[in-house]
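Student: What follows is each chain in one-letter form.
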Amino acid sequence: MIRSLLATILWASASATAWACPVCFRMEEGPVTAGVRAAIVVLMTVTVSVLAGFAVFIRGFVRRSQTLEPRPPSQCFGEPRRSSKSGGGNR
Amino acid sequence: MIPYTTTARADTGVSNVTLGIWLFLASEVMLFGALFSSYALLRVAAPAWPSGLEVLSLPLGTTNTVTLAIMTGLIWRARSAPWPAARPLMLIGCALAVVFLGFKGVEYSAEIRTGRVPSVNTFFATYFTLTGLHALHVIGGLVANLWALSGVRRVGMEMTAGRIRALSLYWVFVDLVWMIIFLLFYLS
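Chains as they are written, first to last, in this note's numbering: chain X, 14 to 104; chain F, 95 to 282.
Simulated from the structure, these hints should not be mistaken for laboratory data. Check the hints yourself; a few may be wrong.
[Stated by the list, open to error] Under 10 angstroms between C-beta atoms, here's a sample of chain X residues computed to sit facing chain F:
1) Ser17
2) Thr21
3) Ala51
4) Ile53
5) Val55
6) Met57
7) Val59
8) Ser62
9) Phe67
10) Phe74
11) Ser78
12) Leu81
[Said to hold, decoys possible] Sample of chain X residues lacking proximity to chain F, with all beta carbon distances greater than 12 angstroms (derived):
13) Ile15
14) Leu18
15) Leu19
16) Ala20
17) Ala25
18) Ser26
19) Ala27
20) Ala29
21) Ala33
22) Arg50
23) Arg76
Cβ coordinates follow ideal geometry from the N, Cα and C atoms, glycine included.
Given the sequences, and given the hints that come with them, work out the whole structure.
Tutor: Quick look at the structure:
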């Protein structure tokens, strides 16, 4: 807790140079810089959306695992429940 | 080896095929995301950018948008329909995918005939890259549709229903990507 608080204070108090993006740092303002910025925004949006999706998915797993009955270790890596049509093998 | 299950697993809450298709779609989002990011870079940095309304065929683009939307709707209906009703929906969906590819081929040939090729400018380079990759996804989805339809006798209806559910998610993704392409290239 203290460590994260300290890191946040350090990060917030750092100068603007320390926050500089390594891709466009010290680039001249112009169309290329604007293009790079737009590209970064698009890619960050896509990446954050996908990661947020994974986070929601994993949170669902965790919640589900809390409601499930614990299984003995011998069954943990065994085959899951199968339906009547399950055909063995990976198709 | 991971066994094929058609029912939702207790630990994940979804069937293996659904989990697999979601992971696949996540990787596809990253692939197209990188290309759209490149598009943003090239477009914003370009000193001049042609208007898609002037250099592309809007009627063909609109027809393809409608075709793909209807096709996705049909496949989405097939996912919850019983097999006798799902089969014709899937077949019509396949036919519409062929129609989409046919129109895209007509559009490409007209553009190439008039010298509007990827080497002309960045607009056409990104246009052919994105629409070409999208067309490859339509071809892949079409092959997967036919594979799911042809495998029903071999694997049974329950497993085929799982495949159709996965395919419906895939087609929604392909349709969404096309909508973005249509918006970025044809309408701007």
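Student: Does each hint fit the structure? Answer for all of them.
Tutor: Verification of the hints:
This hint is violated: serine 17 of chain X has a C-beta 29 angstroms from the nearest C-beta of chain F, more than the 10 angstroms allowed. Contact between threonine 21 of chain X and chain F, as hinted, is not supported at the beta carbon level, the nearest pair being about 29 angstroms apart and thus beyond 10 angstroms. Residue-level restraint check for alanine 51 of chain X holds (minimum Cβ-Cβ distance to chain F is 4 angstroms; threshold 10 angstroms). Look at isoleucine 53 of chain X: its Cβ gets to within about 8 angstroms of chain F, closer than 10 angstroms, so that hint holds up.
Interface hint at valine 55 of chain X: satisfied, since its Cβ lies 4 angstroms from the closest Cβ of chain F, which is below the 10 angstroms cut-off. For methionine 57 of chain X, the interface hint holds, the least distance from its beta-carbon to any beta-carbon of chain F being 9 angstroms, beneath 10 angstroms. Among the interface hints, the one on valine 59 of chain X holds; its C-beta lies about 3 angstroms from the nearest C-beta in chain F, closer than the 10 angstroms criterion. Annotation: serine 62 of chain X was flagged as interfacial toward chain F, and the flag holds, the nearest CB pair being 8 angstroms apart, inside 10 angstroms.
Taken as an interface hint, phenylalanine 67 of chain X checks out: its beta carbon lies about 7 angstroms from the nearest beta carbon of chain F, inside 10 angstroms. For the restraint placing phenylalanine 74 of chain X at the interface with chain F, the shortest Cβ-Cβ distance is roughly 7 angstroms, inside the 10 angstroms limit, so the hint holds. Restraint check, serine 78 of chain X versus chain F: the minimum CB separation of about 7 angstroms is within 10 angstroms; hint holds. With 10 angstroms as the threshold, the beta carbon of leucine 81 of chain X comes within range of chain F, its nearest partner Cβ sitting at about 6 angstroms, so the hint holds.
Look at isoleucine 15 of chain X: its CB is around 36 angstroms from the nearest CB on chain F, clear of 12 angstroms, so calling it non-interface holds up. Its beta-carbon lying about 34 angstroms from the closest one in chain F, leucine 18 of chain X satisfies the requirement of being farther than 12 angstroms from that chain. The claim that leucine 19 of chain X lies off the interface holds: its Cβ sits roughly 34 angstroms from the closest Cβ of chain F, which is beyond the 12 angstroms cut-off. With a least CB separation of 29 angstroms from chain F, alanine 20 of chain X remains clear of the 12 angstroms interface cut-off, as annotated.
The non-interface label for alanine 25 of chain X is consistent with chain F: the shortest C-beta to C-beta separation is roughly 29 angstroms, beyond 12 angstroms. With a minimum CB-CB distance of about 32 angstroms to chain F, serine 26 of chain X clears the 12 angstroms threshold, and the non-interface call stands. Residue-level check passed: alanine 27 of chain X sits 27 angstroms from the nearest beta carbon of chain F, beyond 12 angstroms. Residue-level check passed: alanine 29 of chain X sits 23 angstroms from the nearest beta carbon of chain F, beyond 12 angstroms.
Distance check for alanine 33 of chain X against chain F: the nearest CB is about 19 angstroms away, which clears 12 angstroms, and the non-interface claim stands. A beta-carbon of chain F is positioned within 12 angstroms of the beta-carbon of arginine 50 of chain X; the least distance is around 8 angstroms. Residue-level check failed: arginine 76 of chain X sits 9 angstroms from the nearest beta carbon of chain F, not beyond 12 angstroms.
Violation of the numbered hints given earlier is confined to hints 1, 2, 22 and 23; the remaining hints are satisfied by the structure.
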